[in-house]
Every structure is written in C-alpha cells, then in structure tokens.
Amino acid sequence: MRLEPIANPGLARRLGFPALALALTVVVASGLALLAGAEPFATIGLIVQGAAGSKFAALETLNRATPLIFTGLAVAVAFRARLWNIGAEAQLYGGAIVTVLLGTGAIGLPQPLLLALMALAAMLAGALILLGPVVLKTRLGVDEVVTTLLINFIMLLAVSYLLEGPLKDPAGMGWPKSAALIAEARLPRIATGLRLHWGFALALLAAGAVWLIETRTSLGYEMRAVGLNPQAARFAGIAVGAVLVKTALMSGGLAALAGFSEVAGLKGHLSLDLSPGFGYTGIIVAMLALLHPLAVVPSALFVAAVFVGSDSMSRAAGVPTYIADMLLALALLFMVLALLLARVRVVRG
Amino acid sequence: MTRQVGQAQDIVLRLTGITKRFGALLANDGVSLTLRRGEVVALLGENGAGKTTLMNILFGQYLADAGAIEAFGRPLPAGNPRAALAAGIGMVHQHFTLADHLTVLENVVLGTEPLWWPGLGRARARARVEQLGRDFGLVVQPGAKVGTLSVGERQRVEILKALYREARVLILDEPTAVLTPQETEALFQTLKRAVALGLSILFISHKLHEVMAIADRCVVLRHGRVVGEVATAATDPQALARLMVGAEVVAPEVAPARPGPVLLALDAVSTPNRGAVPGLKRVNLALRAGQIVGLAGVSGNGQAALSDLIAGLDHPAAGEMSLRGAVLAAWSPRRAVALGIARIPEDRHASGTIADFTLTENAILEGYAAPPFSRHGWMNWAEAERFARRVIRDYDVRCPGPDQPVRLLSGGNMQKLILGRVLEARGFESGPQIILANQPVRGLDIGAIAYVHGRLLAARASGAAVLLISEDLDEIMALADVIHVMSAGRLSPGFARATMTAPELGLWMAGQGFAAGGAEDAA
Chain A
0 MRLEPIANPG LARRLGFPAL ALALTVVVAS GLALLAGAEP FATIGLIVQG
50 AAGSKFAALE TLNRATPLIF TGLAVAVAFR ARLWNIGAEA QLYGGAIVTV
100 LLGTGAIGLP QPLLLALMAL AAMLAGALIL LGPVVLKTRL GVDEVVTTLL
150 INFIMLLAVS YLLEGPLKDP AGMGWPKSAA LIAEARLPRI ATGLRLHWGF
200 ALALLAAGAV WLIETRTSLG YEMRAVGLNP QAARFAGIAV GAVLVKTALM
250 SGGLAALAGF SEVAGLKGHL SLDLSPGFGY TGIIVAMLAL LHPLAVVPSA
300 LFVAAVFVGS DSMSRAAGVP TYIADMLLAL ALLFMVLALL LARVRVVRG
Chain B
0 MTRQVGQAQD IVLRLTGITK RFGALLANDG VSLTLRRGEV VALLGENGAG
50 KTTLMNILFG QYLADAGAIE AFGRPLPAGN PRAALAAGIG MVHQHFTLAD
100 HLTVLENVVL GTEPLWWPGL GRARARARVE QLGRDFGLVV QPGAKVGTLS
150 VGERQRVEIL KALYREARVL ILDEPTAVLT PQETEALFQT LKRAVALGLS
200 ILFISHKLHE VMAIADRCVV LRHGRVVGEV ATAATDPQAL ARLMVGAEVV
250 APEVAPARPG PVLLALDAVS TPNRGAVPGL KRVNLALRAG QIVGLAGVSG
300 NGQAALSDLI AGLDHPAAGE MSLRGAVLAA WSPRRAVALG IARIPEDRHA
350 SGTIADFTLT ENAILEGYAA PPFSRHGWMN WAEAERFARR VIRDYDVRCP
400 GPDQPVRLLS GGNMQKLILG RVLEARGFES GPQIILANQP VRGLDIGAIA
450 YVHGRLLAAR ASGAAVLLIS EDLDEIMALA DVIHVMSAGR LSPGFARATM
500 TAPELGLWMA GQGFAAGGAE DAA
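Those protein sequence lines, which keep their order, are chains A and B.
Going by numbering that gives the first Met the number 0, the first sequence opens with residue 0, and the numbers climb by one from there.
Going by numbering that gives the first Met the number 0, the second sequence opens with residue 0, and the numbers climb by one from there.
Because the hints were derived from the structure by calculation, they are not lab data.
Nothing here was measured: the structure is a model prediction, and the numbers come from that model.
Some hints here could point you the wrong way.
Restraint-style ranges between C-beta atoms, simulated for each label pair [as the list claims (entries may be wrong)]:
| hint | chain 1 | residue 1 | chain 2 | residue 2 | range |
| --- | --- | --- | --- | --- | --- |
| 1 | A | 320 | B | 92 | 51 to 59 Å |
| 2 | A | 240 | B | 511 | 39 to 47 Å |
| 3 | A | 315 | B | 20 | 30 to 38 Å |
| 4 | B | 346 | A | 10 | 31 to 39 Å |
| 5 | A | 135 | B | 253 | 51 to 59 Å |
| 6 | A | 215 | B | 346 | 25 to 33 Å |
| 7 | B | 376 | A | 291 | 52 to 60 Å |
| 8 | B | 333 | A | 215 | 17 to 25 Å |
| 9 | A | 30 | B | 369 | 56 to 64 Å |
| 10 | B | 377 | A | 135 | 27 to 35 Å |
| 11 | B | 406 | A | 18 | 23 to 31 Å |
| 12 | A | 204 | B | 260 | 53 to 61 Å |
Below, a sample of chain B positions facing chain A; criterion: calculated Cβ distance under 10 Å [what the hints assert, rightly or not]:
| hint | residue |
| --- | --- |
| 13 | 71 |
| 14 | 311 |
| 15 | 332 |
| 16 | 334 |
| 17 | 336 |
| 18 | 342 |
| 19 | 344 |
| 20 | 346 |
| 21 | 353 |
| 22 | 356 |
| 23 | 361 |
| 24 | 372 |
| 25 | 373 |
Ideal placement from N, C-alpha and C gives every residue a C-beta, glycine not left out.
Isolated chain B (complex conformation) (with noise of 0.2 Å):
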C-alpha cells in the first residue's frame, strides 16, 4: 500500500486513454504515458504518427475525445492552454516563439509580470535568469537581443523561459534538428543536469542514436497507437526502427562512387545578403558525374543562396558558374531545366507544387511549355495526363488519380511525384544530369526516406551528379561522397567519405575551420 502510494507520488506526468479522431483518421488511439521524476523518456514515431496531436491535447489546443491527463497527481483541465503551464509543463517547440528585438531577459520575463509594474522587477529577474544559467548550464547573456543569437542560443533561452516559469516537466519537441554535434552535446548536458535536479524530460525526436543517448526509456507511437514501451538499456536503434516502421528497416547500400567529369562549377561566386541571411561568400564549388555532395550546415547560413542560384532562380553577383565547362550567361529557372538540372526545391508545398493544381497539371509543371505538352501555345492534355500516369506508376506515387488536387497527397507522395517530375523531364533519354536536392527528405517518413535516398543513389549511379543540401548531418554522411559544409554563406573545402567524424565537421559548421583555413575568407 505505502509503496503504490511512493509510485503515484513519483510520477509527474500521467496520459490515460488519450483518443482523438479528426474525420476518418484516428490521430491517437487509446495513448498512455506516465513521466516519473527525474526521468527522460523519448517519444518515438514518425510524421503522422500522432506525436503533434498528442502534445496539442496536453496544452490544451485540441479536445481528446476520451482520456485523463493528470499532473502531479492532479487532473488537468481539458482544452485549457494555460493549465498545463500553470501545472509545471513547459513546452520548448521547433520553431521558437521569441521576440527577435527584445532582449533575452525581456523574452524569458515577458508575461510573467504584470507590465505597468516600473522596470517589470528587472534586477530581481536578472539575478534569477542568471542563477538558472549557472544550475542548468545555460550560457546566454541576459542583455543580448535575441535578434543577435544563433540558433542554439535562442533555443537556451526558450528553456530558460520555461525554467523560469518553474517548470517541473519538459518537453522538447524535435529539439536537435536545427544544431550542430557540439550544440546538442551542450543541450544534453543541461538535460542531464536537469534530471539530476529532479525535472523531468519527454523528449520528443526520430533521431534514434539520440534517444539512446539521453532517454531511460522510449514510448514508440505508430498510426497513433503506442507500439511499444522500452527501456533504452534494452533496445538498440535497429529495434526502436523496426518497432517505428513496423517493418525491417533497410539502409540502402551505398555503392563505391567513380566520379566522372566536372559537370557544373563555382568559381569564387558571390550573392547578396538577404536581410540577416548571409549570401554566398567567394564560393567554390565542383559537381562531378556519379558523385553526390553533400552539403552540411545549420540552416540560414547561405544554402538557400546556392540552392537558388543552381536552381536558376538569382545569379552570381561576382564569379563565374559554368556548366560543362561553358560559362552561363543567361540563367533563369526554365533555362536550367532545359540544361538537364533537375531541382527538389526545399519547400515542397511552396515552391514544388501548387496545391489546387491536379496531378496532372503538376506533374507538367516544368515542362508544359514545350511539346509534347503543348504547341504553338495549345496544350496537349492527353498526353500530359499520360505523363502524369507513368509518373504515378513509376514512382510509386500513391493517390487518388491524376484528375485530383495534390493538396490530397501526403508529403511522401508529394515528394515522389515532384522527383519523377525532374527526373522524367523530357529532353533527356538518359535522365537529368545534375540533380539539386534541397532537403530531400525532410518531414518524410521512414519509407519514403528510403525510397528517395535510392533514387538519388541510382541517379548516381547513372552518371548524375547530384548536390545534397541538408541539415540532418548523418543523412549526409551516410549519402554524399564528398561533404562541404556551409557557414555564413562560406563554403570549406570538400572533404572525402568518412574522413571526418560528426564533431570535427560540428567545428565547420560552428564556423570554426573558415579561419584556420584562411582561403575562404577573403570576402
């Protein structure tokens, strides 16, 4: 009797039952969760598995349609956002809600003090902010604008806003994706330091050797059922994969590369700063035959420049781009589909297709201009219907029929239609030469993940080259033969396939080697 009522004393967080359908779907199917103090436990599954409407149901945005939340032993009210925060619950999300001209202290202070108050009770809350710095080993300057500070940073500040709202339960949505090796060395020693504090952690990732890094115990939702409870002691990532997919997971077999000639180069390009954003910095860079670069980075750090130059979108403002050895002069994005670029554009929603648009007329989207599609400026719908047919057939595209709308379609097959979109491109018998990848798999399932790594993998082994942009550092390494990362808007050198280990390219990424390495910082 007395230990149940140790265990129930124990456990902070308690999801019982939790069921919510939107339409046909059932978004989570009878979920239950228990966080004991002092414990991390990760929250495995895949897109669409259930996770975001499970956390939208704890804060109070959503109404479960059966189950209890209990917080600290106490129900929480349904459908009120500020319940869980009131409780203890802080939420620490992907994109960060901070006001980018207000100061740090300003940030984690605001709405926490009444604003008539004269000087909110600054230097009170400053010593406090600091004093949290110093427990959990959050390094920020209480002064700084948030505008001013790198990602890793503002997400230190995010926690603190949560720390300093005394949370007692963290949760940590996906909080990896956008930092470096060393950045999520550090947020993993905070974590630890909060455990050890007596906070608990929900850790919510599908980065697998991450959870096995930090978590006692994974909770793996799939089609928003909990498939399986593990302690990490006990499992290895093939296992969580395996419970995540509910399937063997393959790692396609990436195959000696033989690089062929130079088929698109940089020559010390430079672009324009975006607002904040850096531009190119005297960038060069080579794409071979059957070779695929990678190019690593944290975002905003001018792989948006590259990938709109090469996508025919900007032009260098000084340098050279040459394709095949000929120097480009009049570049646009219909002339680089004609020269054999295929391009995954980065924002498959914004950029890659139009939602209200059919299959068919999206699967034409580059191409309408020319025949088969069209002549003389009258359009072939028939025969681009037969296009979008063989597109639908050949790249596994799973959808209701070429007539109905993409917004339909799930971000896999959106992503499958818009590679046989370029790859299929007409023109080329022999597919596209170069292929520019930006962010191919983000948001993708595990399948879909597989199916597109292998069709850059054959697409290579087919004599394209392809240029891999991403900000997930194992898909690059597991993919590209030669890897350069990225950092306010300089590039490094080209390192060889496994040469480098993920902490050494972490110091690139952090902008380290740029200076040591001298030649790229003339700019």
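The shape of chain A in the complex, shown without the other chains (with noise of 0.2 Å):
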C-alpha cells in the first residue's frame, strides 16, 4: 500500500474529508459517552445545549473562545514560519503580570489610553519571553520546541512566586492572587447586560490584522517562505533570523494578549487559575484551523463550545468532563488524518 500525491485534489475532497472527520468525532464520541454509562445522543444533545443552547451558554462560548484566538494566533503565525512555539502559555501569564503591574492603580489614565497601554506593555512582555529561545535558535542553533516548552514551567513557577510575594492581595484573605484591577483598568462589556468583554472584539480585530500581515505584506511573505523552505528563502536573499524573530514578537505578542484579555476583561486579577491551559490548546485550535489566521476564530469556538458543552453535559449527565479532552483529541487526530487523505490516494501495489 503506497501513499501518491494528488497535484490538484478538487473541493469535494478537500471538503468532504473534513466534514467526515467530525461526523467520525461524533461518532466516536457517542461510543465513549455509552462507555460512560450514558445515553449517547443524549449526551452530544447535552453539549451541542451547552454550548449554544441558550444566551447564557452561547455567551459562555464566545467569552471562553477569546483567549483561544489569541493563542491560536499566536501558534498559528509562529508555525507558519516554522517557529515551534510551545511556550503561549508562558507568553500568557507574562502578558497577564504585565496588566496587573499596570491595571492595580500604579499608573493614573483615562481609561482608553490606560487599556492600550496595557495591552501594548503586555504584548511588549510576551514578545520578550519569547525573543531568548528564537536567538538561541537562530545563533546557536538550540531547539525551541524544548526552550519555549520549559520557559512555561518556569513563568508559571515565577507567577506563584509573585503571587505569593510581591503582587500578593493583602485583602485577599491569605489566597494567592493579586489584587484587583481599578475600574479603569477593566475592559468594558461590548453592551450593558451582555456578559461579553471588548476582549472578543479584539481578538476578532486581531485575526483579522494576522491575516492581512500574512497576505499582503512582504514581511508575510516573507514569514511563509521561511516557513515552506528556508533553504530557498536564504538564498533568494531574505534574511531568515531576522524573519524568525518578527515571527517571535508577533507571536509572543499575541499570546500576551490572551493574558491581557482575561485579566482585565473577566477575571479582573492575577491568580494561578487564570489559564486552563490555554497556552497549549491554542496548538490545537491553530492546528485545526490549518493555522490559517481566519480560520483560527471557528477553530477557537469549536474546542471552546467542546470546552464550555461537556462542563455543562457533565453537570447534568454524570459523564465526566474528560471527555471534553477525548473529544478534542479525537477530532484533531480525525482532521488531521482527514487533510492527508484529502491530499493523497490510497494505491494498492
């Protein structure tokens, strides 16, 4: 059995794959729920309500889908140039210190110029955690997938540190988190009485300035053709460390976002709850969106709706919210089975 490229795969099959690879999800999924002792369509109608069942749910979603557009972004832009970004979440939290230094009344501003500020600074952070792996990389030739990897273990040893010192709340009754931002510092809700921040707005606005830097720019290009071929790239006479550490700010940047967004939009603090692992399923979401910078907002919402539906379906179905992890794990093996097939033939001989 051989594998043969097809040059031109036509849209049938570039679509079709896809769409079978989450029916198969799906599918699956049911097997593991009656696994679970649940009834199985009952439990995908569980999710598919919690999810998008009601305002409230579908509010939930879209405020969960926020940080994963930024770090799906952020992987997304990095990948492309293939930059193995596996440090979003460290690029998170330092985005997030970042916002409490400045959001905590440190810094007197009317509320415009104090949030983008902040939200400039927090780029500024997350671009910086990341500027040391990529010239180690490109100098030195050291692997980012492991630097970027355990510059997360060290953030989030730093944020505890932090938290349990320096930025400690003094009223916060011996918990560790910081204290809260002033009111200033909060992102406002997009309408009164719409439990949804000005974060969604610009991670929307922020897809869609990634994709137009991916497009229409020569640095784009230039982040693509180091990404397909740095060998080619080299020689046509793009300067390949210099992409790299675009690349590296752009990203770092964005995933600082995602730090900046939840502080100052929802949570209103610093504490070590703050990700749920964002950082790390943002690879996920840019995988899933074939890291294509638009597709990373659908992408977001997708796993964020799998996220926010199996809390729910857990709460009333008694299957636990593992399978919320088996789900996306099944549908990104799925999909990314699914793009192969859609691109090559199965021959027999």
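Each chain sits in its own coordinate frame; assemble them with the hints.
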C-alpha cells in the first residue's frame, strides 16, 4: 500500500474529508458516552445545548473562545514560519503579569489610554519572553521546542512566587491572587447587560490583522517563504534569522494579549488558575485551523464550545468532563488524517 | 529447432511488454528488451522517458501492470527486490549505496555473510575480492575506508559488490556522470573485460558518444515506449538524438566571443573547508563581459564553495572579491541580486524555488522587497502576477497558470521560470551583467537544454559575463570561451576554447596539473 499525492485535489475532496472527520468524532464520542453509562445521543445533545442552547451558554462559549483565538493566532503565526512556539502559556502569563502591574493603580490615565498602554506593554512582555529562545535558535541552533516548553514551567513558578510575595493581595484572605484591577483598567462589556467583553472584539480584530499581514505584506510573504523552504528563502536573499525574530515578536505578543484580555476583561485579577492550558490548547486550535488566521476564529469557537458544552453536560448527565479532552483529541486526530487523505490517494501495490 | 534453443539459452534477460501506469501518466508502454550473453546494450532516453521506472520494475520496487521478466530462461517473480539479485542481476546506481566508515572489503561482503560468523570469513573474502579486482581490472585497496576513496574508486567498489554476488548481468545507471574522462576510459576497459568473460551489460545513459564507444546495441525509449532498436555500428549520434527527442536536434551556434572589461574578479580568495568538501584555495578568477567562463571538475571539489561565494551566501575568508573594480565589503544574496548577478542555483528544488508557492510567488522571490512588487511593506500582487505572466510567456514556461503551485512543473519548466526570474530582474533594463549558472541543465531534456544554452549564449552576446559550472565536460567544451578546472579547491589557469582536449582537461580534473603548475598550490 502506498500514498500517491494528488496534484490538484477537488473541492469535494478538500471539504468532504474534514466533514467526515467531524462526523467520525461524533460517532466515537457517542461510543465513549455509552462506555460512561450515558445515552449517547442525549450526551451529544447536552453538549451542543450546553455550548449554544441559550444566550447565556453562547456568551460563555464566546468568552471561553477569546483567549483561544489569541493563543491560536500566536501558534498559527509561529508555526507558519516553522517556528515551534510551544510557550504560548508562558507568554500569556507574561502579559497577565504586566496587565496587573500597570492596572492596579500604579498609573492614573483615562480608561482608553490606560487600556491601550496595558495591551501594548503586555504584548511587549510576551514578545520578549519568546525573543530569548528564538535568538538561541538562530544564533546557536538551540531547539526552540525545548526552550519554549521549559519556559512555561519557569513562568508558572514565577507567577506562583509573585502571588505569594510582591503581588499578593493584602486583602486576599491569604489566597494566592493579586489585587484587583482598578475600574479604569477593566475592559468594558460590549453592551450593557451582555456578559461579553471587548476582548472578544479585539481577538476578532487580531485575526483580521494577522490575515492581512500574512497575505498582503512583504513580511507575511517572508514568513511563509521561510516556513516552506528556508534554504530557498535564504538563497533568494531573505534574512531568515530576522524574519524568525519578527515572527516571534508577533507570536509572543498575540499570546500575551490572551493574558491581558483574561485579566482585564474577565477575572479582574491574576491567579494561578487564570489559564487552564489556553497556551497548549492554542496549538490544537491552530492545527484545526490549518494555521489559517481567519479559520482560527471558528476553530477556537469549536474548541470552546466543546469545553463549555462538556462542562454543562457533565453536570446534567454525570459523564466526566474528561470527555471534552477526548473529544478534542479525537477531533484533532481525525482532522489531521482527513487533511492528509484530502491531498493523497491510497494505492495498492 | 536446435537453433532456437541455442538462442533462448543465449538470452540472459528478457523483458516482454512491460507496462506501468501512474495515474494519467503511462511511464512504460509495452517495453520489450532482450540482453544476450556477452553483450553491451545501451538504454537511451531523456529524463522522464521511463528508464528508471523500467529498472525499478526489474528490481521489484514497482509492480508492472502488464508484462513479464525472464532471467536466464526462468521467469522472475514480480515485486520481489531480492529475486533479481538472486538471479544474478547486479545494479550500480548513480548514487552509491556504500557505508563510508567501513572498509572496501566490509562494504563488499556486507549482507552476504552471516554477521555472527567469527571474522566473517574475511581471509577468504579478501582473496576473492583481490582476484575479482585482477580479473576485471578494478584496482582498489580492500583495507581502505570507503570514506577516503575518490568517486571513481567508489564506483569500482560498487561494481565489485555486484561481481562478488556473482552477478552475470550488470546494470549501470548513468555510470559516467561523476567520472573524469580518464576514469570513464578505465571503466570502459573494465566493462570490456567483463563482456569478454561472458557477462552482459545494460548501460543506461544519455551521453551519445559514450554509448557509441561501448554499446553493441542501443534501445531508445521515448515517452515510455521503445521507439528504436539499432546496432551501434549501423547508426550515428545524430540519428540516436533524433530518436530520443523525436525531432531534429540543432546544437546552438556559438559565435566568436568579444570579451569586454572584467566585471567580477577573485584575487587569491580562500574559504574554509566544509567537512570533507574542500573550500577555495587561493583562487584567482576573472569574469569578463561578453564571455562564458566554464568551470569543469568532478563534483565536490569546491565548485559549491565558489558558487556560494558569488551568489552572496558566503564571504571570502582571505583574499578579495571585486565587482567592476570595486572591492566588495558587505556581501549577501540580496546585495548580489541588487548588483546585477543573476544566480541559477545548482538545486532548483532545494534552493531555486519554493514548491508550495505559486508561480507568481516564486517569480518574485528575489524582487519582492522592492517596487513595483511591494511598497512600504505592502505587496502589490497585481504587479507580481503581471511579471509572472510575462516570464511565463517570454520564457515558454508550460504551466496551468500563474496561481498554481510550482511543484506541478517539470524540471525544465521550473528552470525556465528561474531563468526568467533572474534574467528579467528589475533595475537592469539591459538585463543582468553577471550570470552564475550552476549546473543549469542537469536533469533537463534535450529541448530544455537547448533552450537554456540558447539563453546563456544570448546573454553573452548582449554583454553579460557568464560563469558556467558543470560536471558535464561536453557542455563546458561546447559553450565556454575560457575553461578553468577545479580540483580539491584549487582553480587551474584559464584555457582558451579548443586549446585543450578532454583527456588533457581530465588530467587537471584528477589534480595533476596543479603540482606541475606550482603557482596555485601555495595554500
């Protein structure tokens, strides 16, 4: 048995296989629900209902999708240039720390100016966190998968130290959390009475901006060239190292915006449970979106819906929430397989 | 009746009606071929004619859709790579399959003796290898590490490997591509001895004069089909070329050169060695306007170092490089492009194009950063596509369209796209003034070769300085006005066109002139 590439796969092939992947995900997930002793169809129904069945559920999904759009974009941008940034989690926390530092009364500015300053400073922090591993990669050939991954743990410990020490909320009853942001440092809600903050709009804007950069600017062209064939890019005169550094700054900045948006838009303070692995889940989001910046939005919505829906289903049906992780893992595996099959044909002999 | 039986015994390999289809492509279409005892048959054909597919079927890598193979009168089971070897058919590949850190003897024995046997029966094996070497004129040291051997010596080890496995049929895939003329002559002596000892040889090539020199019979493949089978004595190279291409082949007319001023000069330039591959050793070189300088040599002798240097990928570690009389300080690929150097890279897949980029994106790979393709960091895709369309039209790039990925193109069309990209570079209305052409026609079919050579000659006529790097001595001798030979990082003096014969250049390629010359080996 061999795989033969198809020169120009048709639209039916390119859409049919991903659709089949989603269908297969549902089928296998039903089997899992059955194993857990629940009614398969009802379980899937409860997940869908929990994710989008009411206004409250839908808004919850959008809120959950917001940081995932940011981290998904961060990963998509980096992976496109074949820069394996596994450290979105650390960059997220970097952004969150800066948000808290600037937003708890240290600076008195009108709300729009303060928020803009906080966002920019957060992006800078995230960018700097990724800068080290990238310079090590371009100068010394150090594998960035290892360095960015390890920095995640360093950052978590650093946050833990800050929350027990310098940033600890004096009025926090001993809980490891920071002081609350001042009112001017909070991202307002998009509409009064609507539980959705401007971070979501910012995420959509970021997706559009990344798409513009990738398709319409010479930097985007360079990033794609470096990702597809660094040797040819270098031969043509593209400064591969400089492009990777620019990519890293963008990627780290995007991931840090997730931290900014979660602290300033949702939580209002920094704590160790700020991110339930948004940085890592961003990798799944980006891969499901095929690294396309606009596709990151629906991909993040899908992943958020699975999480939110599974939470609610778990309460109603008594199936463990781990099913959400399994669902995502299955969706990703089937999708990767589907994307392969959309491009190749299996031949006997 | 008896005569027929005698004939049947005489035939050592018979392929009958081999057909293989890949999707829409008919790679082999009813190919039949016979090889008799003591015979050299040349299998001729352009790239993509189906030679490799046929060999892969013979060696069980592919299953034929139809057809049968018979070796020594017995059918060869299909799809079994070991069957051909067991039947006494040995193949010497173009790219050798030797372990560098093992000795010649170990490489030859590898896979034939059980590994747990103490000493692997080494003394006996050694005696046999030495005997085979004497019988076939294959001089190698059984104890030498393969990594230290020259390309020609490695090829002898490959042939010994096949002979050690008692091959009665030898298949050689483009065996002379990596050899100097002298090494080629030695190989032919070996092959003649082998034939005299009753072996049979299938010689795959596209070098017509070699085929004329060694083969008894030629089988010509075109588009997967046998289009001709002639006795070598009854044909000539022109007729064979006609058969291969299916049309009259016209060699490019080379008008006398009118050399102008020196555009690019290297003065005692050295670069560091890269592992086993030598860097440049105090190289002096001058590229003049209106002149083609040919660089001959066995691959891996520093051509890559010279090419990288001129392409902007590398700096001189010692010595000076000057462009139009001015010594170059800052040097990079982009600077090279900006100063009017058109660079045709050695490997068009790895360095020349980005396979998953469209033709448009590939066409602006060197020019994207400046107007009209981009302004202040914003791309102008309309201009880029207009440029791509112009290259496609003017350079006859056969493609589905400018928005299709380059990986769909054949090698020839990919090379035409690169030619168009570098020769039509913006900012030089009269075209680029220096052309670095590194193996510009490797792997191309005859039509595309003629096209590329025609473009290089046209550039010369309009005043460009061309450096043509090639492993094909015939190509160099046909096109170059001045020929340098490279060996172990050293550059020979320049020889004017037609002042040196191929064997004389071969001596330089083997590194012999340099010691006598004295001037170059100071480093």
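Verification of the supplied hints:
{"no.": "1", "hint": "320/A with 92/B: 51 to 59 Å", "in the structure": "holds (57 Å)"}
{"no.": "2", "hint": "240/A with 511/B: 39 to 47 Å", "in the structure": "holds (43 Å)"}
{"no.": "3", "hint": "315/A with 20/B: 30 to 38 Å", "in the structure": "violated (57 Å)"}
{"no.": "4", "hint": "346/B with 10/A: 31 to 39 Å", "in the structure": "holds (34 Å)"}
{"no.": "5", "hint": "135/A with 253/B: 51 to 59 Å", "in the structure": "holds (53 Å)"}
{"no.": "6", "hint": "215/A with 346/B: 25 to 33 Å", "in the structure": "holds (31 Å)"}
{"no.": "7", "hint": "376/B with 291/A: 52 to 60 Å", "in the structure": "violated (21 Å)"}
{"no.": "8", "hint": "333/B with 215/A: 17 to 25 Å", "in the structure": "holds (22 Å)"}
{"no.": "9", "hint": "30/A with 369/B: 56 to 64 Å", "in the structure": "holds (58 Å)"}
{"no.": "10", "hint": "377/B with 135/A: 27 to 35 Å", "in the structure": "holds (32 Å)"}
{"no.": "11", "hint": "406/B with 18/A: 23 to 31 Å", "in the structure": "holds (26 Å)"}
{"no.": "12", "hint": "204/A with 260/B: 53 to 61 Å", "in the structure": "holds (57 Å)"}
{"no.": "13", "hint": "71", "in the structure": "violated (26 Å)"}
{"no.": "14", "hint": "311", "in the structure": "holds (7 Å)"}
{"no.": "15", "hint": "332", "in the structure": "holds (4 Å)"}
{"no.": "16", "hint": "334", "in the structure": "holds (8 Å)"}
{"no.": "17", "hint": "336", "in the structure": "holds (6 Å)"}
{"no.": "18", "hint": "342", "in the structure": "holds (8 Å)"}
{"no.": "19", "hint": "344", "in the structure": "holds (6 Å)"}
{"no.": "20", "hint": "346", "in the structure": "holds (9 Å)"}
{"no.": "21", "hint": "353", "in the structure": "holds (4 Å)"}
{"no.": "22", "hint": "356", "in the structure": "holds (6 Å)"}
{"no.": "23", "hint": "361", "in the structure": "holds (9 Å)"}
{"no.": "24", "hint": "372", "in the structure": "holds (8 Å)"}
{"no.": "25", "hint": "373", "in the structure": "holds (4 Å)"}
Hint compliance for this structure: hints 3, 7 and 13 are broken, all remaining hints hold.
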